[in-house]
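If you read the protein sequences in the order shown, they are chains U and V.
Here our numbering is used: position 53 in the first sequence is 53, and no number is missing along the way.
Here our numbering is used: position 134 in the second sequence is 281, and no number is missing along the way.
Think of the hints as simulated: they come from the structure by calculation, not from any bench.
Just to be clear, a hint being listed does not mean it is correct.
[Claimed, not checked] Calculated Cβ distances over 12 Å to all of chain V for the following chain U residues:
#  : residue
1  : Pro6
2  : His18
3  : Leu21
4  : Gly30
5  : Asn32
6  : Gly37
7  : Asp52
8  : Thr54
9  : Ile57
10 : Lys103
11 : Arg108
12 : Tyr117
13 : Ala128
14 : Phe137
[Claimed, not checked] Calculated cross-link-like contacts (lysine to any residue; reagent style SDA-like; alpha-carbon spacing at most 20 Å):
#  : chain 1 : residue 1 : chain 2 : residue 2
15 : V       : Lys534    : V       : Ala502
16 : V       : Lys468    : U       : Asn123
17 : U       : Lys103    : V       : Arg475
18 : V       : Lys261    : V       : Val237
19 : U       : Lys24     : V       : Ala418
[Claimed, not checked] Just the calculated beta-carbon pair ranges, DEER-fashion:
#  : chain 1 : residue 1 : chain 2 : residue 2 : range
20 : U       : Arg132    : V       : Arg420    : 18 to 26 Å
21 : V       : Glu480    : U       : Arg132    : 39 to 47 Å
22 : V       : Arg420    : U       : Arg27     : 18 to 26 Å
23 : U       : Asp78     : V       : Gly612    : 53 to 61 Å
24 : V       : Ile397    : U       : Arg132    : 27 to 35 Å
Just so we're clear, the structure is a prediction, and the values are computed from it rather than from any experiment.
Note that CB positions come from ideal geometry on N, CA and C, so glycine has one too.
Here's the letter readout for the chains.
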Amino acid sequence: MNASAPVVIVMIEDDLGHATLIEKNIRRAGVNNEIVGFDNGTAAMNYLLGPDGTGAIHANKPFLVLLDLNLPDTTGVDILTRIKKNEHLQRAPVVILTTTDDKREIERCYEQGCNVYITKPVNYESFAAAIRQLGLFLSVIQVPETR
Amino acid sequence: MRFFSSGPGLRGLLIAAFVILAIIVIGSIVLLQRTRDYSDLVIHSQAVANRVAAIDSLVRQAESGQRGFLLTQDHQYLAPYGRSVAQLPVAIAQLHSLLGDDPQRQAMLTQLQKMVDAKMAELKSTVEAQRSGDHGKAFRIVDTDVGFKLMTDIDQQTRAMLDSIGAELTKRTDAARASGVWAVLLDVVAALMLAGVALLSIATVSRFIAALHGARRELEATNENLEMLVADRTSELRNANEELQRYAYIVSHDLRSPLVNIMGFTSELEAVRGDIHERIARDNSLDAEAYKPIDKDLAESIGFIKSSTSKMDRLISAILKLAREGRRRFVGERLSMQELVGSIVDSVAHRAHEAGTRITIGMLPPLTSDRTAVEQVFSNLIDNAVKYLDPARPGEVNITGREIGSMVVYEVRDNGRGIDPRDHQRIFELFRRSGAQDVAGEGIGLAHVRASVRSLGGTIALESGLGQGALFRLTFPKKWTEPEEQGV
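Bound-form chain U, shown alone:
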């Protein structure tokens, strides 16, 4: 794989409004990367792991995962754990985006290997600012070399 492959943003967010707001702000930040959205965990995992369920389909493909913790079918922490345990996906940075600001929840996510934890503030300006930070984050993502 070559290092110039664009980073695909996988957004797992069941609230369509949130998804729209996130996408709007990402675009506003000048990020034009492809965004693949899912509104439930099952569909997202099916996509990530591919038809064979191993994740080999996306080996060495650069991903950024935007993950909401409250999903209808599974918990975000569960998805995070599965991504971080998969040998092909574990290097993809995972950004948790959620309404929860519970300390224990945050700790749990970091323990499971989450890279950034962003609380969705009701204050829109800070929300927008937080999303825009992602643009900077995207630019420093290092795509791993082939093993």
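Mind docking chain V on chain U? Use the hints.
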């Protein structure tokens, strides 16, 4: 009480025993007296019989003395005769007095006395004749057989009297014996009755004791049940409380999600409004003046939506904070309340100084409790005291403490605007405030204080009236201990 209602009752038994004892005592005394009376009578009868026999014997002695003298002319034989002559009147007089008012026997005695007198007269006449040396006359008197007949009469009379007395004696002896038998019978019957009462008493007492034992066992069982019930209720309450906290947490948490959308899209709308504004300004074909009122309405609506959503966010955050506080584990540590309250007062000192408020701290006994929770409680109360002043006078806040047994009492007193007694309960509820709403606040502080104080095993009380300042009295156990975890 129901132990006493069954059976004859201990009191009844005791009374019965006393009555029986009284009967025994009185009956025994009466029967003893009667026996003694009968014995006296028996002795009396015997004395009478002896006297009667003695009279007969004296007469016979006199007669035999007379005979001896007549036959031998020896004066020596006259000795018994002389004794009889001397003793007979005495014996008869004694018998008379012995017989008392017994008319029948007195009459018999009188008859006997006559016979004796006649006999003694006959004897005397023969003895006189003999003494004067007239043998013939003496023997003639004897030959008349008058003396013999008189003697026979005397014997008969004596026998009749003795028989009558003997019959009486038998009767009296029988009566005395009967009286004795009655006494024994009374004693035996009474003893049996007493034994019966004793047995009944024992039965009653054992029944009573058995009932007591039963009652005690029942009580123990009830107690055990009660303890189990209390444990059950406690765990139910704890579960309900946890449920409630989870519920508050989930609700407030999930409410945030739509709020993010409302807020976000309101901002988007605002952005669109800006876009429209720009477009109109650039495009001269559109009437900018006509758009202005529409734009004003838009701005107003968006403003209301924004302020409401941010208020809603603050409320939800407050509930979340409370719910999270309830889930937090307390850690007991020894707190120097002097230092703890001192640093809280320092943090509001600037604000207080500007408002001309004086804060004094008295002696505060130390406390073993959760530092964060205690800090929050005092910081809320002191903050309120400094916040709600009465503009009519310079503020004064006073924090004091004292120990009462195993509890510690702290008081935060101010001379501020006070709280209407009608609101004393309300102000501890979430989002509720009292008095003029001229100071910013969400109505969270006191709800939080009460929740914390309760979690620390304490109580909070309020004394206040409008315009009279307020006194918050906190009571904590000296040493906070973690409630036992059980049945979860």
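Status of the hints after comparison with the structure:
| no. | hint | in the structure |
| --- | --- | --- |
| 1 | Pro6 | holds (27 Å) |
| 2 | His18 | violated (6 Å) |
| 3 | Leu21 | violated (4 Å) |
| 4 | Gly30 | holds (16 Å) |
| 5 | Asn32 | holds (20 Å) |
| 6 | Gly37 | holds (16 Å) |
| 7 | Asp52 | holds (35 Å) |
| 8 | Thr54 | holds (33 Å) |
| 9 | Ile57 | holds (32 Å) |
| 10 | Lys103 | violated (9 Å) |
| 11 | Arg108 | holds (15 Å) |
| 12 | Tyr117 | holds (16 Å) |
| 13 | Ala128 | violated (8 Å) |
| 14 | Phe137 | holds (20 Å) |
| 15 | Lys534/V to Ala502/V | holds (9 Å) |
| 16 | Lys468/V to Asn123/U | holds (18 Å) |
| 17 | Lys103/U to Arg475/V | holds (11 Å) |
| 18 | Lys261/V to Val237/V | holds (15 Å) |
| 19 | Lys24/U to Ala418/V | holds (12 Å) |
| 20 | Arg132/U to Arg420/V: 18 to 26 Å | holds (21 Å) |
| 21 | Glu480/V to Arg132/U: 39 to 47 Å | holds (44 Å) |
| 22 | Arg420/V to Arg27/U: 18 to 26 Å | holds (20 Å) |
| 23 | Asp78/U to Gly612/V: 53 to 61 Å | holds (57 Å) |
| 24 | Ile397/V to Arg132/U: 27 to 35 Å | holds (31 Å) |
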